[in-house]
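There are 2 protein chains.
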Amino acid sequence: MHLEKPAEVLLMGPGPSPVHERVLEAMGQHTLGHLDPDFLSIMNEAVDLLRFVFETENQTTFPVSGTGSAGMEAALVNMVEPGDEVIVGVNGVFGQRMADVASRCGAEVIEVNADWGCPIDPEDIEKKLDANPGVKLVGIVHAETSTGVHQPLEDIVEMTHNHEALILVDAVTSLGGLPVEVDRRKLDIAYSGNQKCLGAPPGLAPITFGERAMEKFKQRKSKVQSWYLDLSFLTRYWGEERFYHHTAPINMIYALYEALTMIKEEGLEERYDRHRLNSGAMVAGLKALGVEPVVEDQYRLPSLITVWIPGDVDDFSVRSRLRRDDLIEIGGGLGPFKGKAWRVGLMGNGSNRTNVEKLLKALGGILNDMGHKCSVEDALFEANQLYQQQQ
Amino acid sequence: MHLEKPAEVLLMGPGPSPVHERVLEAMGQHTLGHLDPDFLSIMNEAVDLLRFVFETENQTTFPVSGTGSAGMEAALVNMVEPGDEVIVGVNGVFGQRMADVASRCGAEVIEVNADWGCPIDPEDIEKKLDANPGVKLVGIVHAETSTGVHQPLEDIVEMTHNHEALILVDAVTSLGGLPVEVDRRKLDIAYSGNQKCLGAPPGLAPITFGERAMEKFKQRKSKVQSWYLDLSFLTRYWGEERFYHHTAPINMIYALYEALTMIKEEGLEERYDRHRLNSGAMVAGLKALGVEPVVEDQYRLPSLITVWIPGDVDDFSVRSRLRRDDLIEIGGGLGPFKGKAWRVGLMGNGSNRTNVEKLLKALGGILNDMGHKCSVEDALFEANQLYQQQQ
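So the sequences go chain by chain: C and E. Each residue of the first sequence is one higher than the one before, starting from 45 at the first, in the working numbering. Each residue of the second sequence is one higher than the one before, starting from 45 at the first, in the working numbering.
I should point out that these hints are in silico values taken from the structure, not numbers from a laboratory. Each hint should be verified, as a subset may be incorrect.
Stated by the list, open to error - Pairs of lysine to aspartate or glutamate residues, derived as EDC-like cross-links and limited to a Cα-Cα distance of at most 16 Å, are as follows:
no. : chain 1 : residue 1 : chain 2 : residue 2
1   : E       : Lys172    : C       : Glu313
2   : C       : Lys267    : E       : Asp80
3   : E       : Lys308    : E       : Glu255
4   : E       : Lys49     : C       : Asp144
5   : C       : Lys49     : E       : Asp80
6   : E       : Lys49     : C       : Glu69
7   : E       : Lys230    : E       : Glu198
8   : C       : Lys49     : E       : Asp144
9   : E       : Lys230    : E       : Asp358
10  : E       : Lys267    : C       : Asp144
11  : C       : Lys49     : E       : Glu401
12  : E       : Lys49     : E       : Asp80
13  : C       : Lys49     : E       : Asp168
14  : E       : Lys417    : E       : Asp358
15  : E       : Lys265    : C       : Glu89
In this text, all values refer to a predicted model and were calculated from it rather than measured experimentally.
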């Protein structure tokens, strides 16, 4: 190998998350043909595992051959026809992106806004639904990666269905780390990304479409504007027919298969509990360092914590030192949060006590060096309290 | 690892091609963040290596985060605006696909057809250019993976430029196996796929846009219909600014980097010679088995050979036995070639004498068993003649 061995940076930003050795090993296996009988079995099993994680029986469930944003685009190009009225909840970068993608599909986008760091108010959605009885689809971000907000879904789903519209959910930073529960919550379309709570490297976007969504798809009058993401081909390739469409990213699917297997071995509830516990400990520790979370407790994601950067230190200097001296990556803020907030990820394999303590120690040390006085010992004590309570 | 170790099938179909251990090892390395300084260096070097293989100085050169067909879509969504007249050469599945994708972008597609197994006649292109002086773009498949035709480009490029149109070239099955020479041939846009002559696993689509193409892009009046593939974002992410767009498939880029490094180590001319030599030997051997090539010598690809299935054997039975007993994959025919032709790939690392001889022996044995009498010894002798001549 000529590629210089990449440094083992601990990924505690907004994704990618740390990839387990088992997953890397699976990805490095011999490449099979995309129509090889053994590969077709792997595809079938991978899709079954995806159904398990999405908690759905949806037939139309598969990984899109692109990264998370390709999942968003796949959802919208197939569901939206030119002129469709679409409501999108916008309270961060990914809601904005969804509105942009929908409008590129020809949708009449009706935005429902909330402040960054706050969830969308279901009443605001209902008002728009009442005012626009023709709305076909409501798009909402379950886990806003730019702000760390965990959006409650139940009320919005009910309102949407009462208005005969479809509900589309961005679960990029939630799937595998907190319940998405596609069937129980009656989500019509949900998509995610490999590289967050699923713990695989970036490159695939798991997606699922329910019966109502497929019904809308079948009634389309116009061709899907994207050939690459057209469900009428993708369902034939991922379905029993195995009709050739494109060459699937074979080794990425090995990796996804292995990452999903690890989730099944752990159990969904156990995995969600783990994400909650480590996130709680991290927040307690960060608070003790004088680093305050952006999002209120009840709306805070367990997979991604945004925190205000203390006023007495510089964003870039702290993150650069963390990366250089401690080999830890955390994320900077996007948009209005640029230079003001950090994004601390505890996703997939990355969500564990060792990592919580590593970051608290390293960050505390750097903050002290840079003039923000705080006690690492207190931070570890506060985190430890959470772990004790849990036992 | 829970994934069952995939069988080491020798990939001699239309792609994916055999992936070298060095490339698999690179892909299995620790995942870095997509904005990590070390990863940014790897991106820069990978793009330089892509320029080397494309033989271009084009600034706008990068791998699209999707498979080869995403490269086709990226080329067309960015270059075509609704109402643009576009000529597409159609003599196989990938020309058809290009016409379909262009029409989904709102192009008025003017098809120029040729029989499957034959190249597009440049005069037919010129007639259409003369008849439609407003044509903005001519799309042509350099290496038609469904038929094995190697399309001569020079005349078509000249005509296209004389008519002030852009030339777009599908180099999926040529890049890295035969000269694409973007700058010397003045190709305005060219794209490829990882998994053919480049020798990396599927999942990325290298693409390059020249100055004239970028000029057309800058003058667009309409938004690009795909957010995921919009050049205005992608150039900012792959350029110096490193503006966040999507999370690149990190480990796939490690693999591409390593595969491209191996190409540079070998040298382009040496690599093209190797592809030509092994292809010649394979054709000589296949002929000796009574398996005749579909495409005339002068238009036959060195990377992919289509051959007529002898009338006395069954397509599927032969390929199944090859896969099962000899662990060799060859491709079946598509469209009108289904059940009539096989596709034999000699791409990237797969193009070597050992593989030529392996397939001749295995296929000869099966053909004999199935009642198509032929001599494996003669086939190996004919192949050997080619290797002797070369020495």
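Sort out whether Glu198/E lies within 16 Å of Lys230/E, counting only the CA atoms.
-> Holds, at roughly 9 Å.
Hey, Lys417/E versus Asp358/E, does the alpha-carbon distance stay inside 16 Å?
-> Distance ~14 Å between Lys417/E and Asp358/E Cα, so the pair holds.
Pair hint Lys267/E and Asp144/C, alpha-carbon separation not exceeding 16 Å = Given that 16 Å is the threshold and the Cα spacing comes to 10 Å, the pair holds.
Hint consistency between Lys49/E and Asp144/C [alpha-carbon to alpha-carbon, up to 16 Å] | violated, 42 Å
Does Lys49/C pair with Asp144/E here, judged by a C-alpha cut-off of 16 Å?
-> violated, 42 Å
Does the structure keep Lys49/E and Glu69/C at a Cα separation of 16 Å or less?
-> holds, 10 Å
Straight-line Cα separation of Lys172/E and Glu313/C no greater than 16 Å?
-> violated, 63 Å
Given hint Glu89/C paired with Lys265/E - CA-CA distance at most 16 Å | violated, 45 Å
Within a Cα-Cα threshold of 16 Å, do Lys267/C and Asp80/E meet the stated pairing?
-> violated, 39 Å
Do the alpha carbons of Lys49/C and Asp168/E lie within 16 Å of each other, as the hint requires?
-> With a Cα-Cα distance of about 52 Å, the restraint between Lys49/C and Asp168/E is violated, given a limit of 16 Å.
Take the C-alpha atoms of Lys49/E and Asp80/E, compute the straight-line distance between them, and say whether it is at most 16 Å.
-> Distance ~32 Å between Lys49/E and Asp80/E Cα, so the pair is violated.
Below or equal to 16 Å on CA atoms is what counts here, so check Lys230/E against Asp358/E.
-> Violated: Lys230/E and Asp358/E sit about 44 Å apart, past 16 Å.
Checked against the numbered hints given earlier, this structure breaks hints 1, 2, 3, 4, 8, 9, 11, 12, 13, 15; the rest are met.
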